[in-house]
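Novice: Letter by letter, the chains look like this.
There are 2 protein chains.
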Amino acid sequence: MNIIVIGFGFIGRGVIEAFLRKAERIRRLDEDFRVVGVSDSRGYVYDSEGLDLKRLIGVDELSQYPSGYCRGGSAEDLIEMEGVDLMVEATPTNVVDGEPGLTFMRRALRRGIHVVTSNKGPLVVAFHELKSLAEEGGCQLLFEGTVAGAIPIFSLVRESLQGDEILRISGILNGTTNYILSRMHFEGTSFEIALKEAQERGITERDPSYDVDGIDAACKVVILANALMNRDVRFEDVERTGIRRVTQEAVSLAKRSNFAIKLVGTIDRRIEVAPKLVPINHPLCVHGTLNAVHIEADLAGEITLVGYGAGRETVSAVLNDVLTVLKSEAKKKG
Amino acid sequence: MNIIVIGFGFIGRGVIEAFLRKAERIRRLDEDFRVVGVSDSRGYVYDSEGLDLKRLIGVDELSQYPSGYCRGGSAEDLIEMEGVDLMVEATPTNVVDGEPGLTFMRRALRRGIHVVTSNKGPLVVAFHELKSLAEEGGCQLLFEGTVAGAIPIFSLVRESLQGDEILRISGILNGTTNYILSRMHFEGTSFEIALKEAQERGITERDPSYDVDGIDAACKVVILANALMNRDVRFEDVERTGIRRVTQEAVSLAKRSNFAIKLVGTIDRRIEVAPKLVPINHPLCVHGTLNAVHIEADLAGEITLVGYGAGRETVSAVLNDVLTVLKSEAKKKG
Numbered sequence: 029m030n031i032i033v034i035g036f037g038f039i040g041r042g043v044i045e046a047f048l049r050k051a052e053r054i055r056r057l058d059e060d061f062r063v064v065g066v067s068d069s070r071g072y073v074y075d076s077e078g079l080d081l082k083r084l085i086g087v088d089e090l091s092q093y094p095s096g097y098c099r100g101g102s103a104e105d106l107i108e109m110e111g112v113d114l115m116v117e118a119t120p121t122n123v124v125d126g127e128p129g130l131t132f133m134r135r136a137l138r139r140g141i142h143v144v145t146s147n148k149g150p151l152v153v154a155f156h157e158l159k160s161l162a163e164e165g166g167c168q169l170l171f172e173g174t175v176a177g178a179i180p181i182f183s184l185v186r187e188s189l190q191g192d193e194i195l196r197i198s199g200i201l202n203g204t205t206n207y208i209l210s211r212m213h214f215e216g217t218s219f220e221i222a223l224k225e226a227q228e229r230g231i232t233e234r235d236p237s238y239d240v241d242g243i244d245a246a247c248k249v250v251i252l253a254n255a256l257m258n259r260d261v262r263f264e265d266v267e268r269t270g271i272r273r274v275t276q277e278a279v280s281l282a283k284r285s286n287f288a289i290k291l292v293g294t295i296d297r298r299i300e301v302a303p304k305l306v307p308i309n310h311p312l313c314v315h316g317t318l319n320a321v322h323i324e325a326d327l328a329g330e331i332t333l334v335g336y337g338a339g340r341e342t343v344s345a346v347l348n349d350v351l352t353v354l355k356s357e358a359k360k361k362g
Numbered sequence: 029m030n031i032i033v034i035g036f037g038f039i040g041r042g043v044i045e046a047f048l049r050k051a052e053r054i055r056r057l058d059e060d061f062r063v064v065g066v067s068d069s070r071g072y073v074y075d076s077e078g079l080d081l082k083r084l085i086g087v088d089e090l091s092q093y094p095s096g097y098c099r100g101g102s103a104e105d106l107i108e109m110e111g112v113d114l115m116v117e118a119t120p121t122n123v124v125d126g127e128p129g130l131t132f133m134r135r136a137l138r139r140g141i142h143v144v145t146s147n148k149g150p151l152v153v154a155f156h157e158l159k160s161l162a163e164e165g166g167c168q169l170l171f172e173g174t175v176a177g178a179i180p181i182f183s184l185v186r187e188s189l190q191g192d193e194i195l196r197i198s199g200i201l202n203g204t205t206n207y208i209l210s211r212m213h214f215e216g217t218s219f220e221i222a223l224k225e226a227q228e229r230g231i232t233e234r235d236p237s238y239d240v241d242g243i244d245a246a247c248k249v250v251i252l253a254n255a256l257m258n259r260d261v262r263f264e265d266v267e268r269t270g271i272r273r274v275t276q277e278a279v280s281l282a283k284r285s286n287f288a289i290k291l292v293g294t295i296d297r298r299i300e301v302a303p304k305l306v307p308i309n310h311p312l313c314v315h316g317t318l319n320a321v322h323i324e325a326d327l328a329g330e331i332t333l334v335g336y337g338a339g340r341e342t343v344s345a346v347l348n349d350v351l352t353v354l355k356s357e358a359k360k361k362g
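From first to last, the protein sequence lines stand for chains A and B. So for the first sequence, my numbering puts the first residue at 29; every next one is plus one. So for the second sequence, my numbering puts the first residue at 29; every next one is plus one.
Looking at chain A on its own, in the form it has when it is part of the complex (with noise of 0.2 angstroms):
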C-alpha cells in the first residue's frame, strides 16, 4: 500500500515514527508498505518508491529532507498522484468550516483514498457527508484518534459491541477542564489560578475558550453522536455550558457531599455538554489530564473507558486505523 502522511506537526511525525517502530507488525500484513508522500502547509516530499522513515524523523522542516521537496505543492496534489491508497489527515483542527482537512478528505474519498484522521474539524462539519463519500468510493474512513485519543471508543463499539445497541453515551471528553476541575478539587484553587497553572505548563491555549467554554467537548460529543448512534447532529445542537462560572464554593460544597464537578458531555435525549456532578466513586470521576468515556449499552450494560485523551498516545489510535485498513485489505486478497 502507498501511504502519504498529511501534516508533518505533533501527530504526523509521531505516526511516522510509529511506523518504523512497528515496521515488523506492518510488513506482516503489508509486504509493500510504504510512505510515498509527506506534506505540510508549505510543500511536500514524495517518491513514488517510498520516503525513507529514519531520515523523515531526523529532519526538523520537511524542506530538510534530502531529496524531491516540492516547495508550494500542496496535499491535493499528493492526492492526485497515482497509485495513492492511504492518506493519513493530521492537519490542524478547525471547528468552524473544517478546512483546510475537509477539502482534503473530500478529494481522497472521491479517489477511492482510504482516510485515517486524527481531526475533528471536517467530521464536525460533515459527518455524514463524508461516511457517504466512503461508502461510494468503496473505500473506509476511519478517526479514532478524534475522540478521546487513545481510548479506542470507535473501534470498540465497531468490533467488540457488535452486537449491542448503544443507548447513552457521556464522557469526560477534554483533559484541559479535567485538569482544571481537578486542581480546584484536590487543591482547593480558584479557576483562575487553575486556568493560568494549566497555561503555564502547555496545557491549554493562550486564549483558552475552545477548551473552557466546551467547545471542543462539543465537538467529540457531536462525532460520538453521529458515528456511534446513528444521530444527525451538527454543533449547533448541542447544549453548551462552559466551566468558568465554576466556583470554588460551589466545587467544595460537592466535594462534602462526596461529588465532582466534572465537565460532561452526554448524549441521550438530549444532547449537552455542561458541569454535572459526578459521585466520587463512579467510573466517569476520573482526575487530572485523563478522559473517560461510559457508555450504556442494552446487552452489556454499563462499560467505561479511561485513558489519555490528547498527546502522543493519540498515535496509538491513528496506527491503529492504518493497521484496520490494511489488515481489511489483506482478506480481500485473500
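Some hints could be false.
[What the hints assert, rightly or not] In silico SDA-like cross-links for lysine to any residue, where the CA-CA straight-line distance does not exceed 20 angstroms:
(1) B:K361 - A:S356
(2) B:K283 - A:N309
(3) A:K283 - B:I251
(4) A:K361 - B:K355
(5) B:K355 - A:K283
(6) A:K355 - B:R284
(7) B:K159 - B:I251
(8) B:K283 - A:S285
[To be verified] Some chain A residues near chain B, calculated using beta-carbon distances under 8 angstroms:
(9) K50
(10) R272
(11) T275
(12) T332
[What the hints assert, rightly or not] Stretch-level coverage of chain A by chain B, calculated; a stretch enters the list once three of its residues show a Cβ under 8 angstroms from a Cβ in chain B:
(13) 170 to 180
(14) 306 to 320
In case anyone wonders, no lab produced these hints; they're calculated from the structure. Ideal Cβ positions, reconstructed from N, Cα and C, are used throughout, including at glycine.
Go by the hints and put chain B onto chain A.
Specialist: What follows is chain B alone, placed relative to chain A:
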C-alpha cells in the same frame, strides 16, 4: 452457519435469547444462521433445519421442547453431526481438569468447528493446546466471556490496540470479593458479615473459597497472561493470596489514607493475585460487583476498562464473539 449450543443454563439460555432478539443483525451477516442443536447434561435437541428459538426459550427443561429430544444423548453426539460450523460452549466451569468442556472443545476444534466459550476451565488447563488445535483446524477459538464478563478486553486488544505491545496488566477480576471489600470499605462491616451478606444475596456460593481465596481471579490472570501477553502461564504459577485475612482495621487504616484494599490480579514480572492498596482516585478503584482491567501499552499508555464481570451482561461478550466469526466467514465468501 449451523450453530450448536452446549449447556442450557444461565449463559446458554441467555445466548439463545440474544440470537432471537438480534436476529436481524445476525441475518445481515449470515442469511443461513441456524441453531441446529442444544444440549444440557441429560440430553440434547437437534434439528438439521434449525430449532425454533422462541419455543426453546419458553421451556424450563430441554426435554420439554416439542420434538427431537434425545435423552441420554451427549454434546459429543452434536459435535459429530454433519455440517456443524460453530459451537457455543457454556458448560459449568471446572478449573481442576477443565471437563467436560475441554473434551468438547478439543473434539470441535479437531473437526474444524469454531468455538466460542464463556467457560474458563478448559482455557486455564490447556490454553496453548487449544490455540494450536484451532490453528491446525483453521478455525477460531474466542473466549471473551471468560474474563471480566461484559468487559471486552480480548477483542479490545485484538482489534483496537493492534499496533500496541501490552506491557503490564492489573485488574479487579472477581466481583464477589470486590463486593465484600467494598462493604468493608464503605459500611465498616467485618469480612465475616460482608461474606454472609454476599452469600445471602446469591453473589457467592455456600463454599466461597473459589472467590475469596482468589482462585477465580487467578484463573482469569492465567487466561489474560496467555492470551494477551504471549506468556506460558499455568494456574500453579500464580502467587495467590485471598482476602480472608483482610481485617476491618486494615481497611479503615487504608481508607484514612485515601486508599482502598482491593483484590488485584497482576501480570508483570511476577504473576500474582493478592489484596493491594489502590489509591481511591485511581481508575482501577471501582466498587461493588464491578470489575476493572488496567492495561499499560507502549503506545496508548494506560487504558482502563470498567464493567460488569458476571451475570447476564456476559451474553454481550459471547454474542460479539459469534458475530466476529460470522463476519470473518462472510468476508471469506466475499
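Novice: Evaluate each hint against the coordinates.
Specialist: Verification of the supplied hints:
no.	hint	in the structure
1	B:K361 - A:S356	holds, 14 angstroms
2	B:K283 - A:N309	holds, 13 angstroms
3	A:K283 - B:I251	violated, 40 angstroms
4	A:K361 - B:K355	holds, 16 angstroms
5	B:K355 - A:K283	violated, 48 angstroms
6	A:K355 - B:R284	violated, 50 angstroms
7	B:K159 - B:I251	holds, 12 angstroms
8	B:K283 - A:S285	holds, 17 angstroms
9	K50	holds, 5 angstroms
10	R272	violated, 25 angstroms
11	T275	violated, 22 angstroms
12	T332	holds, 4 angstroms
13	170 to 180	holds (count 4)
14	306 to 320	holds (count 7)
The structure fails hints 3, 5, 6, 10 and 11 (numbered hints given earlier, in ascending order).
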